[in-house]
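Following the hints, put chain B in place on chain A, whose structure we already have.
Protein chains: 2
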Amino acid sequence: MYGSVTPDIIDELKSIVGEKHVSTSLVDRLVCSRDLWFPMLFKTLKGELWPTADVVVWPGSAEEVSEVLKLANKRRVPVVTLGGGAGVCGGLSPIRGGIVMDIKRMCKVLELDEESLTVVVQAGLIGMELEEYLNRKGYTLGHYPLSIYASTIGGFLACRSAGVLSNKYGKIEDMVIALRVVLPTGEIIETKRVPRRATGPDLMQLFVGSEGILGVITEAALRIHPYPEKRIFTSYRFKDLHAGLEAVRNIFRRGVRPAIVRLYDERDTKITLGSLGLPAEGCLLILSFEGTEKLVDAEAEVADEVCRQWGGEQLGDLPAKHWWKHRHDQYWNLPHLLKGFMIVDTIEVSAPWDRLERLYWEVKRALEGQGVIPMAHFSHFYLDGGSIYFTFVKPREPKTPINDAYWRIWSAAMEACIRVGGSISHHHGVGLVRSPWMEKEHGKSFEIIRALKKVLDPNNILNPGKLGMVGWSEVRRVF
Amino acid sequence: MYGSVTPDIIDELKSIVGEKHVSTSLVDRLVCSRDLWFPMLFKTLKGELWPTADVVVWPGSAEEVSEVLKLANKRRVPVVTLGGGAGVCGGLSPIRGGIVMDIKRMCKVLELDEESLTVVVQAGLIGMELEEYLNRKGYTLGHYPLSIYASTIGGFLACRSAGVLSNKYGKIEDMVIALRVVLPTGEIIETKRVPRRATGPDLMQLFVGSEGILGVITEAALRIHPYPEKRIFTSYRFKDLHAGLEAVRNIFRRGVRPAIVRLYDERDTKITLGSLGLPAEGCLLILSFEGTEKLVDAEAEVADEVCRQWGGEQLGDLPAKHWWKHRHDQYWNLPHLLKGFMIVDTIEVSAPWDRLERLYWEVKRALEGQGVIPMAHFSHFYLDGGSIYFTFVKPREPKTPINDAYWRIWSAAMEACIRVGGSISHHHGVGLVRSPWMEKEHGKSFEIIRALKKVLDPNNILNPGKLGMVGWSEVRRVF
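Listed in order, the protein sequences are those of chains A and B. Start counting the first sequence at 251; every next residue gets the next number (this note's numbering). Start counting the second sequence at 251; every next residue gets the next number (this note's numbering).
No lab work stands behind these hints, which were simulated from the structure alone. You may find that some hints are simply not true.
Treat identical chains as interchangeable: a pair holds within one or across any two.
Calculated lysine-lysine pairs in the BS3-like style (CA-CA distance at most 27 Å, straight line) [what the hints assert, rightly or not]:
{"id": "1", "residue 1": "520", "residue 2": "694"}
{"id": "2", "residue 1": "293", "residue 2": "354"}
{"id": "3", "residue 1": "571", "residue 2": "544"}
{"id": "4", "residue 1": "704", "residue 2": "694"}
Chain A on its own, in the form it takes in the complex (with noise of 0.2 Å):
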C-alpha cells in the first residue's frame, strides 16, 4: 500500500524545492491532474472532478527530481511527472493519489552544437519555443505536432511522439541522442552523446516511451537540421485510397522522403476538399519536400512521375498550402466540437505495407458497428509501412451511457487492428485508455515490460498503473 502524502512530507518537498515549488491549492492539484483525453473533458464540461494529486511539485533540477523521487520511494508516496499536459490517452491521470511532478521550470536550451548540429534542452522546454529558438539560429527539429504549442519534450519522448513532418524528420525516437534521466529510486543517469555505438543494449530506447514508470527524463540531446533552403508543396487527387497509397508506397520505394504526406480517405477529403471549393472526390494526397534545392527538386520530379503512374491527378499548391497554414486551427476546436456530438476522439495505428490497407477498411468497419462515424487520414510513412490515424464523432444517443459506449469504440478498434497485426499505437502512447490491449500488443514480452518495471521501481512509485500494469475495472474507475 501506498504512504499517505502528510504534512511532514509537504515540508520535506518545500524545502527541496522550495516553499512557493510547492503547492497543495486545489485549482493546482486539479489543473496538473489531468491530460487532454477525451474523458477528462467530457467530464469538465459536465463539471465533474477527475482523480487528483495530493500536492504539486515543481522541481527546478534533475538534483532536486532526485530528492523529490528519493523522498517519494522512501514513503511510498506514488509521483507522476507532468509535461505539458497535451496527452490524449489519460497518461498523467494520478489514480492512487500522490505526488505530480511539473516539470515545465525546467525550460532551458543548455547548448547548441552547429558542429553537431545537436542541441541539449531540459525536458520541461515546450515544443514550440524550441523550435522557434532553432529557427532564429537557422536550424529546425523537425518536429511539428500538432499539439506543439502546448507539448514538452520530455512529453515527447516518454510517449514516442511524432510530428507532421516525419516521414522526412523521423519520430522524436529517431531524433533523440542521448538522455539524463532520474531513476525512481533517485539515482540519476546519463546515456553517452554519440551518434552509433556498440557497447551494448541501447538504454536510452527503455525511456523513450516509457511513459513516466520507468524513470523522469530531466535532459536530452536531439539532432538537429539546417533549416530548409527549399521547400515545396504539392498536391494530388487519386481515384481511391488503394491507388493513394500504392503511390506513396512507391514514392518511398524510389528513394524519396517527403517531409509532408497525407493521404485522406473519401469521408476525410470531401471535407478537406469541399472546404476549399475544389471538387470533392476520390481521395487527395498533400506532398511537401524540403532542404537542399537541388535534391528537393529531384525528389518532387521523381515523386509527380510515381503519381502520375497510379493516375494520379495534379492539384496545385493550394491544398497542400492551405493545411500548413491552417492546420492548428482544428486542434483546439474539440470542445466545440463535442456540443454537436456524444462523443469525439481520435485513434492513431500503424502496420507494415502488407497489411495497412486491411487495417483502415478492419478498424473503420469497427468503428461503424459502434454507430460511430469514422473519417481518416494516412500521414506518417516508413518504406515498410504507415500509419492511419481515424478522426471520429458518434451521435448523440440519449439513453446510452457515455462511458459505456466509449469503451465499446475503443475495444471494437483495438481488438480489430490486433487481429490484424497492427500496432494499437503510432504515436499517441499508452496512458490509460490502451492499457487494456498492452498484453495483446506485445503478447509474451510484455513479461519483460514488468520485469523492468519491478527491478527499477521496486515500490512501484513512479506513475503506479499505467503503460498496461492496471486492470480494467481500475481504468474503468476513472471513465
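Just chain B, lined up with the frame of chain A:
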C-alpha cells in the same frame, strides 16, 4: 557455482537436437570456442589452446534453443551462442566452459515481403547468402561488413554491426524491424513487426547489442531496399584531414547521404593511393552514391560542390572503384601480416563532430606512445558525428611479453577515447577486449545493464562474464 556438463546432460542434449547435432570432440570444441580476436589468432599461431566449451550443440529451431536453455538453466550450465565466429573481441570465448550453441543450422530465409520491403530470416544465415538471395530478387539489405562471407545475421545483431554502405543504409540496428528471441529461462518472445509504434520501451533494442548475455536471437525481420538502379563512384584528395572531415560534415549537412564514405588519414592515403601508382599526398576521400538515378545524380552534384569548396581535388572514379573491387582482399590477410609484426589489430571508436578530430589525434598519440604504428580511416558518418577505424601494427620487441604489450596498447587507446568523450566501440562490440572499460563507457547507467542481466538471467548462464560483467583478472586469464 556452475554445474558441470555430465554425461546425462549430454544425453539430454542429444534427445533435444538429435544425436548427430551434439559433439564433444576436441576439434569441434576448439573450432566453436573462438572468434577472430587477435589473442585467439596469436594462440593458434603459437600452438597454444584457448578456453573451450565442454560440448557443442547445433539446434535446428527456436524451440530446440528453448529446450537447451531450459536444461542449462536448470542445471546451471553456461551457454555461449556461436554465429559465424567472425567477431574480433573475444565475445564468444566460453571462459567458464559449458555449452557452445552454434546457430548456423538455422539459416533459412523465412519470408520475403516485397510489398513491405521486409525479409524475415533465421539468425544463423550468413550475411552474403542473404545478400545474394536478395540481389537475385532485385533487392539489397545494404549491409556489407568486410566479414560478410563469414558472419551471420544473428552475429550482426548481437554486436551492432556496421557495413561499408552504412552512411546510406544505417547500421544493423537501423535495419531491424522485429526479433524473435529465446530468453535465458527458455521463454520465446517476439516483438511486433510494425514500422514504428508508441506502446512502451523499445524492447528489441535491448537485445540488439546484447552480445549473447540477455537472450538468443533466433529470427529477425529486416528492412530491405530495391537494388539501386544507379551507382556513382568518385574520389577526391584533400590537403589534410581537417579539410576532408569538413567536406564530409558539410555533405551530410546539405542532406546528401552517400553510400560509401571513406576518408583516409595521411599514412593510409600513402598506402592506398601509392598502391595505385597515384601521387600519395594529402588525404583521400572515396564516395559512392546509389539508388534512383535522378536522386543519385543530384546527390553527386551537391557533394561535388561541397568537396570543391573545401579544396578537394577530383581524382575520378579509379581509387573508389579499386577499393570497392578489392575490399575483401585484406580481410583474409591477417595471419600473413602477423609474420612481420608482433601485434596487428584494429580499434574503432565514434564521436560527435565537435570531438571527432580530437578523438583521432588523441587515440593516435596514445597508440604511438605504445610504440605502435597506426593508420586510420573514417568510414561511418552521421549528421551528428562519425567513427574512426584504426589499424595498427607493433614491430617485434623480443624482450616484451606480447600480452602485456597488447593490453598496454588497448588501455592507452580506450582511456584516450573515454577522456575525449567518444564511445569505445562503433561496431565491433565489447566481448572480452573492451569489458574492462564498460563501466567508464556507461557511467552509472551500467548498473541498468547489470540489473537487466540479473532479472532476465537469474542464474547467469548466458555468455557469463561478457559485455563488461567480468573482472580484469578473468580477462587476463584468457590472454
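Structure-based check of each hint:
1. 520 with 694: neither (43 Å within a copy, 55 Å between copies)
2. 293 with 354: within (25 Å within a copy, 59 Å between copies)
3. 571 with 544: Both: 21 Å inside a copy, 26 Å across copies.
4. 704 with 694: Result: close both inside a copy and across copies, 16 Å intra and 19 Å inter.
The structure fails hint 1 only (numbered hints given earlier).
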